[in-house]
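These two chains come separately, so use the hints to put the complex back together.
Sequences listed follow chains A and B, in order.
Take the first sequence: its letters are residues 1 to 489, numbered as in this note's numbering.
Take the second sequence: its letters are residues 1 to 445, numbered as in this note's numbering.
In case anyone wonders, no lab produced these hints; they're calculated from the structure.
Treat the hints with care, as some may be off.
Stated by the list, open to error - Only part of the chain A face toward chain B is listed, based on derived beta-carbon distances under 7 Å:
#, residue
1, P4
2, I6
3, I9
4, A17
5, L93
6, D256
Bear in mind that the values here come from a model prediction, so they are computed numbers and not experimental data.
Yeah, the Cβ is synthetic: ideal placement off N, Cα and C, and Gly gets one too.
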Amino acid sequence: MTRPLIFEISRPGRCAASLPALDVPPADLPEELVRRDVSLPEVGELDLIRHYTRLSQLNHGVDVGFYPLGSCTMKYNPKINEQMARLPGFARLHPYQDEETVQGALFLMYHLQEFLAEIGGFAAVSLQPAAGAHGELTGVLMMRAYHLARGDERRDVILVPDSAHGTNPATTTMSGLRVIEIPSDARGNVDLAALEAACREHGDCLVGMMLTNPNTLGLFDEHVEEITALVHEHGGLMYGDGANMNALLGIARPGDLGFDVLHYNLHMTFSTPHGGGGPGSGPVGASERLADFLPAPIVDVDPERSSDEGEFYTFVDPPKSIGRVKAFYGHFGVLVRAYVYTRMLGAGGLRRVAEHAVLNANYLKERLKATYPLPYDRTCMHEFVLAGPPEDVQEAGVHTMDVAKRLMDYGFHPPTVYFPLIVPEALMIEPTETESLEVLDGFVEALLRIAEEARADPDLLHTAPHDAPLQRLDEVHAAKNLILRWEPE
Amino acid sequence: MPYIPHSDRDRGTMLAAIGIRSIEELFEDVPEHVRFPELNLPTALSEIDVRWELETLAGANLTTAECPCFLGAGAYHHFVPSVVDAVLSRGEFYTAYTPYQPEISQGTLQAIFEYQTMICALTGMEVSNASHYDGATATAEAVITAINVHRLKRRKVALSPFVHPEYRAVVRTYTQGMGLTIAGDEGGGAAELTGLLDEETACLIVQYPDFLGRIEDLGALAAAAHAAGALLVVVADPIALGLLKPPGEFGADIVVGEGQGLGAGLNFGGPYLGFFAARQKYARKIAGRIVGQTVDAAGERGFVLTLSTREQHIRRERATSNICSNQGLVLLAAAVYMAALGKCGMRQVAELCYHKSHYAQRRIGEIDGFTVVDDEPFFKEFMVHCPRPVEEINRYLLEEWDIVGGYDLGRDYPHLQDHMLLCVTEMNSREEIDALVEALEEVTS
Numbered sequence: 001m002t003r004p005l006i007f008e009i010s011r012p013g014r015c016a017a018s019l020p021a022l023d024v025p026p027a028d029l030p031e032e033l034v035r036r037d038v039s040l041p042e043v044g045e046l047d048l049i050r051h052y053t054r055l056s057q058l059n060h061g062v063d064v065g066f067y068p069l070g071s072c073t074m075k076y077n078p079k080i081n082e083q084m085a086r087l088p089g090f091a092r093l094h095p096y097q098d099e100e101t102v103q104g105a106l107f108l109m110y111h112l113q114e115f116l117a118e119i120g121g122f123a124a125v126s127l128q129p130a131a132g133a134h135g136e137l138t139g140v141l142m143m144r145a146y147h148l149a150r151g152d153e154r155r156d157v158i159l160v161p162d163s164a165h166g167t168n169p170a171t172t173t174m175s176g177l178r179v180i181e182i183p184s185d186a187r188g189n190v191d192l193a194a195l196e197a198a199c200r201e202h203g204d205c206l207v208g209m210m211l212t213n214p215n216t217l218g219l220f221d222e223h224v225e226e227i228t229a230l231v232h233e234h235g236g237l238m239y240g241d242g243a244n245m246n247a248l249l250g251i252a253r254p255g256d257l258g259f260d261v262l263h264y265n266l267h268m269t270f271s272t273p274h275g276g277g278g279p280g281s282g283p284v285g286a287s288e289r290l291a292d293f294l295p296a297p298i299v300d301v302d303p304e305r306s307s308d309e310g311e312f313y314t315f316v317d318p319p320k321s322i323g324r325v326k327a328f329y330g331h332f333g334v335l336v337r338a339y340v341y342t343r344m345l346g347a348g349g350l351r352r353v354a355e356h357a358v359l360n361a362n363y364l365k366e367r368l369k370a371t372y373p374l375p376y377d378r379t380c381m382h383e384f385v386l387a388g389p390p391e392d393v394q395e396a397g398v399h400t401m402d403v404a405k406r407l408m409d410y411g412f413h414p415p416t417v418y419f420p421l422i423v424p425e426a427l428m429i430e431p432t433e434t435e436s437l438e439v440l441d442g443f444v445e446a447l448l449r450i451a452e453e454a455r456a457d458p459d460l461l462h463t464a465p466h467d468a469p470l471q472r473l474d475e476v477h478a479a480k481n482l483i484l485r486w487e488p489e
Numbered sequence: 001m002p003y004i005p006h007s008d009r010d011r012g013t014m015l016a017a018i019g020i021r022s023i024e025e026l027f028e029d030v031p032e033h034v035r036f037p038e039l040n041l042p043t044a045l046s047e048i049d050v051r052w053e054l055e056t057l058a059g060a061n062l063t064t065a066e067c068p069c070f071l072g073a074g075a076y077h078h079f080v081p082s083v084v085d086a087v088l089s090r091g092e093f094y095t096a097y098t099p100y101q102p103e104i105s106q107g108t109l110q111a112i113f114e115y116q117t118m119i120c121a122l123t124g125m126e127v128s129n130a131s132h133y134d135g136a137t138a139t140a141e142a143v144i145t146a147i148n149v150h151r152l153k154r155r156k157v158a159l160s161p162f163v164h165p166e167y168r169a170v171v172r173t174y175t176q177g178m179g180l181t182i183a184g185d186e187g188g189g190a191a192e193l194t195g196l197l198d199e200e201t202a203c204l205i206v207q208y209p210d211f212l213g214r215i216e217d218l219g220a221l222a223a224a225a226h227a228a229g230a231l232l233v234v235v236a237d238p239i240a241l242g243l244l245k246p247p248g249e250f251g252a253d254i255v256v257g258e259g260q261g262l263g264a265g266l267n268f269g270g271p272y273l274g275f276f277a278a279r280q281k282y283a284r285k286i287a288g289r290i291v292g293q294t295v296d297a298a299g300e301r302g303f304v305l306t307l308s309t310r311e312q313h314i315r316r317e318r319a320t321s322n323i324c325s326n327q328g329l330v331l332l333a334a335a336v337y338m339a340a341l342g343k344c345g346m347r348q349v350a351e352l353c354y355h356k357s358h359y360a361q362r363r364i365g366e367i368d369g370f371t372v373v374d375d376e377p378f379f380k381e382f383m384v385h386c387p388r389p390v391e392e393i394n395r396y397l398l399e400e401w402d403i404v405g406g407y408d409l410g411r412d413y414p415h416l417q418d419h420m421l422l423c424v425t426e427m428n429s430r431e432e433i434d435a436l437v438e439a440l441e442e443v444t445s
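Bound-form chain B, shown alone (with noise of 0.2 Å):
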């Protein structure tokens, strides 16, 4: 019986130790009439067969192992050294629950501890927690925040239309019950947005780069939130933050993101990384677990789960927030990402971006038909108009170059019609990008 070890005879003693005759005399408090249902299942399968079963289904779909992919739009196709998952692979660390026994527990606490001094440096915050459940979630939470940093006497939330079209969804799914006004991701851009900040304001929340690619002037931002009263919350590509400057030296308050791009892989949307970093004087408001450095009753350094009264298995109904299980492998993966490449290849790699996709944006901005604003800064990705409609040039793409094409940026934003999101990354070869400006140029001819 697979993974249940019990022997005929174990199951004899057991039984003889508890004083009863069979198995199922222990389940005499479930109503008769709904106990022991047939579950209709399919047949179990051996692993020979269950291999076979998955293996098949993996082949059916088709991979960015084996065709050039421009699509990026939130999950990015970045390079996962293999040294992060020999790291993974180790029981000891994918085994284990949450440290909440620190003496057995101290390889996943210094991790953390790790993860959130890097964290910290990225962004150029103070503190750091060990994760939220992705990009998404963790823009919610950082609304929440900002709404119990005012005391809940800001209930307006203004929100940039190019923050990723999902997470924005998500901060309304999450907030739907407390009865927040969240403004300006219905217009048009910056201006309109600073124009929204009152009293009533609790957080503007800006993307960088935002969701079209361009880097935004975050001091001028910053500044406009802070004198309304308001925090300034950067929703931030950590793979940028190699290169660019970090939300923290332009005043932002609370910096959190996706970090699927250091070294989560793609995985179909899931298991990603929702990253949290604010100032030290949010220490005590922010969600989540966070790790600190103590002592031992020896004077040993060593690592605990702190501040824990924030959180719901202590502080209940009046808890910062709800979350117990967070993620922590992938923050793991992580932290060896950011410790593999470190100050160099961190460097590296937003390099290669910024330049590879400069010369994608510029290679086809030359191709009839295709425009691309070449007017404002960018960082890996880039809106081109085209000519045709995008799911009909993703099509071509596909089907006679194989090649994955960029985002349909129609999807989200009417007034963007046929433009198309495209981006580049340190695993776009320069072979691929000039495939891919070949594939274009014969979309119009």
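This is chain A alone, in the form it adopts within the complex (with noise of 0.2 Å):
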């Protein structure tokens, strides 16, 4: 199968799209501003619309198989919500238009503020930062301001676990914050010890802590009012990432658990799509303490425009808000597919949500673990963690990256490998609580031939994958001879 890049298969004097003819006298246009040629594509409609097609069916996503990648919540997209987003009521709206004329996208985003706020115990929340990464950026900040405003000025630490997603770590240096890293416990916790010991060293510089929970192993834990309460004794603040909020939707609010702010995935547990690598969206929720900080603007109830008859929404600064994460108001097509899933749902089906994607992981582990070490035994949240295939296969050379090559070859995306660090051949497992138990059964043959396969022929896995588009890779040939863009021979 040949796959011509669009610039191959461009021919001059083709073009897809139909323009109006100028309608207005044309102005003077002087030489000097003008550019020469843009060397871009010329292809016909249908050409452009194959090649697409083709490209998209290189692709496995979600709706073509089974994507249990742990650490990113790769449930169903449901459709309601791609209708919805496109309706012309929302996807043509200006967002500098008059606030009298977009009532309905600030009634839609307020309420879901609400939604976010009451299933997080959190006061406030600020829906504009565009993807878990900045929704850290965003609370660390608030977080940072948080002692500023109290005039304390020495803090500059942030306690990040070892089995942190590499995000936390990357977070706090933006921020001009430096990182304590906090090692894990035998049972997959933070250690208790350790963390006391950093507080005490670092306790008059301490910002806070971010802390995911459940954590990357996929583990509730089991201290963890423990550690927020430590980290507050020692006039630190708690960051929740919320990239597991999968596993707590209606189980517990990392509000009641102690965490001062703590973004929301929309693009994992509100089920809106990946797109591939995004847009995502992540709101951030803030305790009483930090929601003056929230970035600014946020959407309340203007009481004076209000009546009888409505209540007027209107676009606010919080008093101390750390400024603007980005421009306007955040992933507004995004935030549309969140309130109709979460309205879709309502409080039980949240719940049951949480309940089965935890149940699905349990289910996936009991019926692994015999065959692939599992480092942490214990029932797990919404994901787990293998560390990597059988032993015996390991020490013939198989390894955790061949697992995941030959999944592919039975038609799954393989786990999130390699992660968290501190597995050693990691194989992260995340099933959601969109699959059903046939899919499930399905994978779990699948590891276990692969299992054999391994003991059998390692050579079938070395080389793997053999049906899938392409053969394995070389990304240290990509890295050594950069070519990042297409240039003509």
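Rendered as structure tokens:
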């Protein structure tokens, strides 16, 4: 199968768009302003559609098959969400229109803020952050601003567990703060003794701690309330990385557990699509003491313009806001999808989401743990981490990457691999609640067969995938011989 | 139960395999006093009811589908060809994750590689990443790149007052912990800005065309920045680049901007597309995902994410940025848009914007009481000095004419009270422009 680039099917004089003729007299166009040419492709409309249709067929997506990518919550993306986000009444609004003309949009945003605050146990929510990492930056800057507003200028340390997503330490640096890493204990929790020692050592300069709970091992930290209490005792604040909120919907509210600020990933927990890498949406919830620091603007009711006929919604800037974190108000199109999802599920439906996500994960864990080593043998939440293929297989030179590539031949997307860093050969599996028992059983059967194949014919795994659009790709070659754009020969 | 396929029988099988009797038992690690809160949320709706509710909410908004719109200021009413949504609606694209497993993600990866190539062509640059959240955050990331290029030794940023006000605000928010000096945007313009350039300055940031729509001479600014050893960062409108000389030709070091005009629609402000392009020598300094070409085990051409040692999942606290999710699907829209319009179409859209906005500017300048500046080149936006407050005029346009008027520049620039920024694109017909002119004539009569 050949896969030409769009530039390689380009022929001079073709165009896939029809534009109106100029209906006004042309203006003077100074030649010195004008570029010579722009080397974009020239293709007809049918050729264009076939090109992208073929490309799409080279992709695995949730609509194609099981996608148990740990930490990414690849659940079904409901089709009603897509339709509602495309309603012209939402899709064709200019962000600077008069507030009076966009009351439907502001109603939706205000109520989504309220839903998220209720689900997370927070006083207020900003919908502005564009993705999880963007929410982290927002939250950490808010924590920093909180201390500065109290005249407490020494604080520059953020505690981050060694199991954390890479975005946590990267966010800390971007915020101009220092990372102190906290180890995990034998049960996969934050090591309390180490945390206490770090709090004592850095107490005076502690901004706070970033904690993912359930953590990236898929485990609910058994000491979470002790952790939040300890950090608070030393004057720090608790940041919650909400990447794993799918396990907590209607199960526990981070605000009730002592978190001061948390980001939600609407593109994970609230069913909005990942889009091949984005757009995400990372609203941030804040406790009473951090609410005033939320990014501007947020939506509120304007009592003066409200009446018996209805509330009037307006943008307001929180009094001590860290400022804006992006232009305009957030990923509105994503917010519409998350709103639809929350309205369709209600409180009971959200709790059932978490329950079945956790049920599916524990079912897979129990069926696999006799064959694939399970480093932390506890009840897991929505995901769990295996320590690679069976030991004898690893000794024979078959690794997690080989298992991952071989899974493609069975029609599955591999789990997250080699993360978290504290588990060697990690295979991080998150089935989500939207997968049926038959799919889970099929996945288990595939992994069990792959373990047998690894013993019988290790090369079969080393050279996998065999049935994917391409064989294994050389990433080292790409980094050494940088080709980052197409150039004509 | 929506989206959950389990029957009672399935649940029974699974609980038995786990060795427990109820799902509740799975949550015993959660402190009991906070476990299973009663969430106060409105009752769940069926798909029929949710559709009705959303259609009602959407119907409560006035849209650019219903009335002429002359509002721009960073979000533009441009034509989105139907092929764009046809491609975006394919589940294989929109339900995929970041292409970390390249063998089964070639569709996304090749589309990004093609996008990178087209962004480079449009901007006149050599490398492009796979996007930032929007034009504002791409600008902030460009500042961080410039600081890193100078190995943190230069900590001053010269920022034009005519970069989008919200982008300037985001630059300040992003860098508030970095100890930078951001200067220039309280002042008057180019001359003042170049006067700030010194051996402390990491970069000079200007917008092209600027926030008021004007086309500045980037060549002089590039020379001034480079003479001081600073980088020139240009925030560009990609639609304008279909016609105007690309920033790369003037010597820009980094070109960023808002890619919303490239097929993303207005969407009340997002999701949009931050594009980011740079000189080849900065390839290892820039943030975000980058796709590179490689070969598979059989020697066939393929594409992978590359240079990932810059990124947070590998480099952690030493990463170039914390960015993870980007604007994948919006980037795809931009790629399809640029491929659909192509060489001729991009030029044609830009020319339509140029000529129609000039027609509108000339006609409005002829109305008593309205003045325009007619000796500076502009692209699709222009400033009008109005005889009455902009808010009043906009209210009149909306209530009497069903026209969405321009942007009130007094919001951001105290010296520009009563100045309106109007935007005219290929979406505005001559009839719409003539109606706007007639409406504005009524305002003064």
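> Is the interface hint for A17(A) satisfied, with its Cβ closer than 7 Å to some Cβ of chain B?
Replying inline: holds (5 Å)
> At a threshold of 7 Å, is the proposed contact between I6(A) and chain B supported by beta-carbon distances?
Replying inline: holds (5 Å)
> Was the hint right that I9(A) lines chain B, CB cutoff 7 Å?
Replying inline: Interface hint status for I9(A): violated (10 Å vs cutoff 7 Å).
>> Checking hints one by one. Is L93(A) an interface residue toward chain B, by the C-beta closer than 7 Å rule?
In response: holds (4 Å)
> Hint check: is the beta carbon of P4(A) less than 7 Å from a beta carbon of chain B?
Replying inline: violated (10 Å)
> Does the nearest C-beta of chain B fall within a distance shorter than 7 Å of the C-beta of D256(A)?
Replying inline: With a minimum Cβ separation of about 4 Å from chain B (threshold 7 Å), the hint on D256(A) holds.
Hints 1, 3 from the earlier list are contradicted by this structure; the remaining hints agree with it.
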